[in-house]
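Put chains L, V and G on the given structure of chain Z with help from the hints.
Protein chains: 4
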Amino acid sequence: MLFFRNDYSAGAHPAVLEALCRTNADLTTGYGLDPRCEAAAETIRRLCAAPEAAVHFFVGGTQVNKTAIGAFLRPWEAAIAASTGHICVHETGAVEQDGHKVLHLPAPDGKLTPDTIRAATEAHSSEHMVVPRLVYISNTTEVGTVYSLAELRALRAACDDLGLLLYCDGARLGSAIAAGDAGFPGYAACCDAFTVGGTKNGLLFGEALVIVNPALQPYFRNCMKQQGAVLAKGRLLGVQFEAVLKDNLYLSIAARENKLAQSLAVGLRALGVAFLVESPSNQIFPIFPDKVVAGLEREAAFEIQEKLPEDRTCIRFVTGWQSTEEDVEGLLAVVKRLLTQ
Amino acid sequence: MLFFRNDYSAGAHPAVLEALCRTNADLTTGYGLDPRCEAAAETIRRLCAAPEAAVHFFVGGTQVNKTAIGAFLRPWEAAIAASTGHICVHETGAVEQDGHKVLHLPAPDGKLTPDTIRAATEAHSSEHMVVPRLVYISNTTEVGTVYSLAELRALRAACDDLGLLLYCDGARLGSAIAAGDAGFPGYAACCDAFTVGGTKNGLLFGEALVIVNPALQPYFRNCMKQQGAVLAKGRLLGVQFEAVLKDNLYLSIAARENKLAQSLAVGLRALGVAFLVESPSNQIFPIFPDKVVAGLEREAAFEIQEKLPEDRTCIRFVTGWQSTEEDVEGLLAVVKRLLTQ
Amino acid sequence: MLFFRNDYSAGAHPAVLEALCRTNADLTTGYGLDPRCEAAAETIRRLCAAPEAAVHFFVGGTQVNKTAIGAFLRPWEAAIAASTGHICVHETGAVEQDGHKVLHLPAPDGKLTPDTIRAATEAHSSEHMVVPRLVYISNTTEVGTVYSLAELRALRAACDDLGLLLYCDGARLGSAIAAGDAGFPGYAACCDAFTVGGTKNGLLFGEALVIVNPALQPYFRNCMKQQGAVLAKGRLLGVQFEAVLKDNLYLSIAARENKLAQSLAVGLRALGVAFLVESPSNQIFPIFPDKVVAGLEREAAFEIQEKLPEDRTCIRFVTGWQSTEEDVEGLLAVVKRLLTQ
Amino acid sequence: MLFFRNDYSAGAHPAVLEALCRTNADLTTGYGLDPRCEAAAETIRRLCAAPEAAVHFFVGGTQVNKTAIGAFLRPWEAAIAASTGHICVHETGAVEQDGHKVLHLPAPDGKLTPDTIRAATEAHSSEHMVVPRLVYISNTTEVGTVYSLAELRALRAACDDLGLLLYCDGARLGSAIAAGDAGFPGYAACCDAFTVGGTKNGLLFGEALVIVNPALQPYFRNCMKQQGAVLAKGRLLGVQFEAVLKDNLYLSIAARENKLAQSLAVGLRALGVAFLVESPSNQIFPIFPDKVVAGLEREAAFEIQEKLPEDRTCIRFVTGWQSTEEDVEGLLAVVKRLLTQ
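From first to last, the protein sequence lines stand for chains Z, L, V and G. Converting from the first sequence to the working numbering requires adding 210 to each position, the first position being numbered 1. Converting from the second sequence to the working numbering requires adding 210 to each position, the first position being numbered 1. Converting from the third sequence to the working numbering requires adding 210 to each position, the first position being numbered 1. Converting from the fourth sequence to the working numbering requires adding 210 to each position, the first position being numbered 1.
Excised from the complex, chain Z in its bound form:
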């Protein structure tokens, strides 16, 4: 079975696994208060050119989104997100469970703009309404698109103007950096807080939250504990991030994933396949006739994105650290066969 279902189905990249094995017998204080976590945090601060940032390590993405947004907002405040945003639909109402409304904004390409943000804040001017306070973006987005540095800066300017916080869910930040023109320092400069996703970039698990805005830093570890988001053997997160941030491995993994996905996209386009949206990252969203999708399901693993009119279906192909050129070539051969049957 050709595997393009997602980027979190294999275990850890060998370098990460090796680090875990090498340090397995170490004895360290728990809960992330250990030298490995401190070293990894320091590396992230250096990469981001953000020496005063607070860096916290989480096991998962919903966990970090929920904890950060819950900690940053006051009870009457709401988050703004693209309606495709992960927090809108696919986290079982985790943000609402902590008391905050999420305003769903239209965003055909998965990206918010200063105009949509401004319209949402202007529409919430009454005391009988929630107060929009935090802009949630994902980069890469849920449809594989990528914010450019100019777009991030424009969002930052709009947030400054409107008194909003900018939070970036970087579950696939590696892919976004590798595919875009904003590096770690760009995120640190534009966002009040953002995550550096590890789970989908070669770790067994792990998301690093970088809190740049000093006003959001105090007591954050209490919030983490309250949310059940502190890992007892916390150093496991530090060890993994140290390993993946060494020798540029983090971005190498991401760049390779992007390249394989884009190579697949090029091959599909050559076969006349259309796409939901142009996505330069490791997620692509081709559209096939339903009967081709049915055939594909027998030979490849992938997700259905959306049923479309005229018996067509948009599906998602994702590459992971374990994907190979052979996988891509194999999939293209299958698609070609199915399209010409």
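Incorrect hints may have been included.
The list makes no distinction among identical chains, and a pair is therefore deemed to hold if it is satisfied within one copy or across any two copies.
[What the hints assert, rightly or not] Mimicking EDC-like on lysine to aspartate or glutamate, the simulated pairs with C-alpha atoms at most 20 Å apart in a straight line are:
1. Lys501 with Glu228
2. Lys517 with Asp325
3. Lys517 with Glu332
4. Lys501 with Glu337
5. Lys456 with Glu228
6. Lys456 with Asp325
7. Lys321 with Glu488
8. Lys546 with Asp500
9. Lys546 with Glu509
Source of the hints: derived by calculation from the structure; they are not laboratory data. Here the structure is a predicted model, which is why all the values come from computation and not from measurement.
Structure of chains L, V and G alone, referenced to chain Z:
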């Protein structure tokens, strides 16, 4: 430095680490919907003689307590716990954060009794009060004591009588089973739900929640996701539990930990040391003059439990899977020297 | 100033005020456990032909929506509402504050249909999504439209089919009953719970919640107290509802309000005025050129509903128990003058 | 039946009722944004010598406690209260429902001290614990005792020292001011926020929240709406507070209530009756043999406070604005007869 700080400072037991490495390249569906988790769940159901139980895997203990209690209770319902209970003090108000009061009951030895539970329910009879609904116990308790099977059965009878749920936090369930007379089936027979702790028993991380009561089972996975408690590469939990539940390793690790701690306790008693409480498990709570404690801190790692009158301090020694007889002998030698200086 | 701003700006209808004064010196048990509340509840049960319904009295509408929805839902469950629904926008995220997502569904005329409900439930089929569980409708709706009995029955059938609860916010139930073909028994037959609004129908304050579904009745008073929704001098609610439910006063007030508003609508249509939507109740939504609105603001009190293209604005006129034919005639004269200037 | 059950069983003081009737036909903007509320707020600011305070009007006491504490605290922060405090037991976990732990501190006379507060904050120093942030006191307390101005100042100093907020639940503030040596300005000087209770001091309903600390003022009305705590016909609260604050009526009512209760206490003491605690306010807590209590229940209305050893019971007598000297004399006669039977 002699290490008796806790049982979650080393990495994984070698057998567990080997299993993780062996399966690292596998490609499985995420979120715990994979053959490894299903197999581990099936093993737990078999060990518990609870074929209809739902088994869910979590990364951490606060996470599972918070998710389970939040899912089981209605808004007006409260949890009852010994005032030493982990949810009372050391989870940063995680249960309250989800809207539920925790009633702290006195329990000098860390154990609730039918009488204390009954008194608490009788004291909450008005519509202007919360309704006690869930009894939270820990086994082993936070002071190392262990509920016997008879005690568990008495709690079950009281809960039946009072319309209460019985939930057991088994972060150290291995130690409790190894030190006590209740086995897995005893917990399944007495509790509506309980956890099988892995983090403190040889895993990198992992707590298995066993929901015996069918009324508490529906939609539980939605709750887990809402709480950010679903691990993307969920099979890591299944793989680890499979490894530790094989060949009785889970209880072997626990029995060995208990034995080392009890051997330490015997040695300390022989030196005339008193204890906070009699604890037959892998946590012991000796009392020393403050100046001995100061000396110990230079040669051993441990936690302070409580300052006591007359310049004495109760401290905690914990053994883990990595502890050795040499560690115990070394510590006894240090204590002997310090006491006789 | 001609007053058409809303239906909660005058005090109580004289009959209600008289009852409050007459009973002022009575001494009764607090919190709604008094003969006046019991008598009013019994009257409501009788009017609704729902002898087993639980009836609870609240001071305000947001309070009752929040308390009921919070009590009826489990943590993973969501409410479904028309995007114009009061709980969606104008209650400052009250439902989300208690942990529940509100799904906003499109509804141009303010009304949900079986099809929109069905589509929403079908779109939420994953464990990573909230579970739609309660359908929130308002009758009259926020744009003055009214569900017919056939529409209510169709919603009930859809809810039965989909396993959903049907909750009707009857802040203006009097107006809906007077304008529509469903009486109190129709609401009791179709809804799991609904409110009988008093604040906008002649009371100083007061909403009666009728819980028809017995599964939703237990411990509801604990929830009310927890939400701060129990009035100390609770009999004030019973006294007022007794007064307004006597001799059909409740529906007389509503019918008169509707008649005045419809008389105004007829007059405006005769002047060529268009409307946002056809609304047969005491709220109407005419559209005027902006300069007419500016002129109106100097002579009448009303709310702006929505800015429209081409320099037009939709505004809202509402009649209350204190409105008079002279008010209507006066407003028509002003509009006529402004339109012809 | 002699009525000493509570101080919220009669309707409104005649002067308050007259004001409601006089203004009944007025037409004002809703939600407390009206001249009556503004005038009442201004009067309170003047009485408190706190020209910058924000004043908000609520219908009930649990509602204001819940809304204020929920608005003032961040998720990881907790309230500190005497274990007798109203928020600890008698509000069905309303504060916890909004996510905050309430730390119950021992206080035999219902009063917190700097020492108990300090001990509680010192005991919560870990990241795994909630952060005590708000001190909740009631004046008069739930056992009728009264904080002196010196005690309030000492609490203020401790709060300043420890970084805590001081919140006073003044459900019976009138009685506390009339019985103590702190006036309105004393509360404004010592508290970050406090309430001026109306429900138990002659109003149909109404609690005024005075937020002195400017950091706690922004967006408070959004919070009120979110909690369902905004009264549609908001001016009813302004009208009532205006009436009761005129000509010193507020304190006259309270002083008269205190005087009647103290006259009753003197009479009971003369009959040899003991008390739970010395309380100089309108609530007194005599202790009787159970058989006397049984006799009393046939002739008087009151609450049971607590069962005591040796077949004795502590009960509560409360005077209200409607109580009379005849009531007191009548009750003393009954008690005398019962004690001598």
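Review point. Between Lys456 and Asp325, at a C-alpha cutoff of 20 Å, which is it: within one copy, between copies, both, or neither?
Key: neither (39 Å within a copy, 52 Å between copies)
Review point. Can you tell me if Lys456 and Glu228 fall within 20 Å by alpha carbon in one copy, between copies, both or neither?
Key: Within. Shortest intra-copy distance 13 Å satisfies the 20 Å Cα cut-off; inter-copy 24 Å does not.
**Study point:** Lys501 and Glu337: within-copy, between-copy, both or neither at 20 Å Cα
**Key:** neither (52 Å within a copy, 27 Å between copies)
Exercise for review: With 20 Å as the alpha-carbon cut-off, assign the pair Lys546 and Glu509 to within, between, both or neither.
Suggested key: within (13 Å within a copy, 69 Å between copies)
Exercise for review: Pop the pair Lys517 and Asp325 into one bin, within, between, both or neither, using alpha-carbon distances up to 20 Å.
Suggested key: Between copies only: 18 Å across, 29 Å inside.
**Study point:** Up to 20 Å CA-CA - Asp500 versus Lys546, copy category
**Key:** For Lys546 and Asp500, the Cα distance is within 20 Å only inside one copy (15 Å; across copies 60 Å).
Review point. How do Lys501 and Glu228 come out at 20 Å by Cα distance, when the copy is not named: within, between, both, or neither?
Key: neither (44 Å within a copy, 43 Å between copies)
Point to revise | Identical-chain pair category, Lys321 with Glu488, by Cα at 20 Å | key: within (12 Å within a copy, 37 Å between copies)
Review point. Given identical chains, is Lys517 near Glu332, meaning Cα to Cα at most 20 Å, within a copy, between copies, both, or neither?
Key: The answer is between: 13 Å across copies meets 20 Å, while 34 Å in one copy does not.
The structure does not agree with the numbered hints 1, 4, 6 stated previously, though it agrees with the rest.
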